[in-house]
Each structure stands twice: as structure tokens, then as C-alpha cells.
Amino acid sequence: GESVGLHLPTLSVQEGDNSIINCAYSNSASDYFIWYKQESGKGPQFIIDIRSNMDKRQGQRVTVLLNKTVKHLSLQIAATQPGDSAVYFCAESTTGGGNKLTFGTGTQLKVEL
Amino acid sequence: NAGVMQNPRHLVRRRGQEARLRCSPMKGHSHVYWYRQLPEEGLKFMVYLQKENIIDESGMPKERFSAEFPKEGPSILRIQQVVRGDSAAYFCASSPTGADTIYFGEGSWLTVV
Chain D
120 GESVGLHLPT
130 LSVQEGDNSI
140 INCAYSNSAS
150 DYFIWYKQES
160 GKGPQFIIDI
170 RSNMDKRQGQ
180 RVTVLLNKTV
190 KHLSLQIAAT
200 QPGDSAVYFC
210 AESTTGGGNK
220 LTFGTGTQLK
230 VEL
Chain E
39 NAGVMQNPRH
49 LVRRRGQEAR
59 LRCSPMKGHS
69 HVYWYRQLPE
79 EGLKFMVYLQ
89 KENIIDESGM
99 PKERFSAEFP
109 KEGPSILRIQ
119 QVVRGDSAAY
129 FCASSPTGAD
139 TIYFGEGSWL
149 TVV
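In the order they appear, the protein sequences are chains D and E.
Heads up, the first sequence is in our numbering, so the first residue is 120 and it goes up one at a time.
Heads up, the second sequence is in our numbering, so the first residue is 39 and it goes up one at a time.
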């Protein structure tokens, strides 16, 4: 079936460095993508989303890049901070919005001091 | 503006008992979603509801699980005759329409003993 997956299960970065978390998706009909951050024992927290008619979107310290040709999504975090340590999930849908999201398995981001 | 409210946060049930999880969406949101997360896995879609209507229940197990979102009051996810495999975190999310970003609550952790 269709799936969304992450290349790296764990990513360790030094505080202040930039982080890049990658995600591959296989459903070419996906038209909406979203990144969530999840800290232990908490619910997923919205970071940034992007629709398929865009290839880049920026937020505060975060940028999402979408490459539909190779079905690849990435999340870039600038000047990574200890508070960024969490599991990051990418998710996609074919409905143009957030209903019925398909989640990847997650990447653990560890920020080293 | 309160976020998505879920209760109870933690619930312990013996095998064969019933579990009821409640979710109050964000103010102004009429679309509710339930997701399940097994340990160290991504979230899996279960059901999408609007007031008094089930829009998509393709992720719900065929037996023992049911969901409702009545005209008044919170959405309820009900699990009858729980088994150990039902132990998981259950997350509710809401959105103003079905084509928007969805925002998650802090989850209800069900443990079946």
C-alpha cells in the first residue's frame, strides 16, 4: 500500500547547527504535507505544512521543501536548540487538507550541547 | 483559546472492560479526528467525524470500536471488551473544515492489564 517513511530514525546535531530531517512518500496523489513535533508523553504539535502547488515554505526557524519529482519532503531547522529535541513526523494526505493523514514512523532529533 | 481537550489522560482497564475516551475540539472547530499511536510508531488514522455524522471510519477496527460526535458535548471513542493489544495512545484532533490543518490534543493513554 501507499506509505510515508523517513530515511533516518535518529539524528544527532550540535546546538546551533542546522538540522535537516528527510521524508519519502510513495503516493503520487498526495497533495498536502505536514510536519509535526512530538515530545515524550505529549500530542503532536504542528510545525509547518505545504501544499503540492508549492515547493518551499518558510516559518520561524523552519523551512519545508517539497520535491514532487522524487517524492521527497524535508524539514530544515535553523540554529537548532535543545528545545527542538523531539520526534518529528511527516504526514501526507490526498484530500487537500489535514483529514485522514498518513504518518511516517518518525525521526528522533537529539540536540547535543 | 483552549486547544483540543482530551480526557482522561491516562486510563487503566482490565481485559474485557470498556474504555471511553472523550474529546472536546478547539472552539470553532466542527471536524474531529481520532488517531491511535502504538509505542514507537507513527499515528494511524481511525475515524473522521462531524457533528452527528461519521465522515470516514476506514481506519476503525470492525469490531469493538465505535465513535460518535453528538450535537451537544464531546466526541467519544468507545472501545468495548478491551484486549491488551488496545493499549496505546489515542489522539484526537480538530479543524474548522475538512481542508485545513488539524491540531492535536495531548492524548489519552490506555493501558489494558
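None of these hints come from the bench; they were simulated from the model.
Note that the Cβ used here is the ideal one computed from N, Cα and C, for glycine as well.
Some hints could be false.
[Claimed, not checked] Listed next, with one range per pair, are the computed distances between beta-carbon atoms:
id : chain 1 : residue 1 : chain 2 : residue 2 : range
1  : D       : Ala143    : E       : Glu106    : 35 to 41 Å
2  : E       : His48     : D       : Gln179    : 15 to 21 Å
3  : E       : Ile93     : D       : Pro128    : 44 to 50 Å
4  : E       : Glu90     : D       : Asp150    : 36 to 42 Å
5  : E       : Gly66     : D       : Ala143    : 31 to 37 Å
Right, here's what the structure says about each hint:
no. : hint                            : verdict
1   : D:Ala143 x E:Glu106: 35 to 41 Å : holds, 36 Å
2   : E:His48 x D:Gln179: 15 to 21 Å  : violated, 33 Å
3   : E:Ile93 x D:Pro128: 44 to 50 Å  : violated, 33 Å
4   : E:Glu90 x D:Asp150: 36 to 42 Å  : violated, 28 Å
5   : E:Gly66 x D:Ala143: 31 to 37 Å  : holds, 35 Å
In this structure, the earlier hints numbered 2, 3 and 4 are contradicted, and the remaining ones agree with it.
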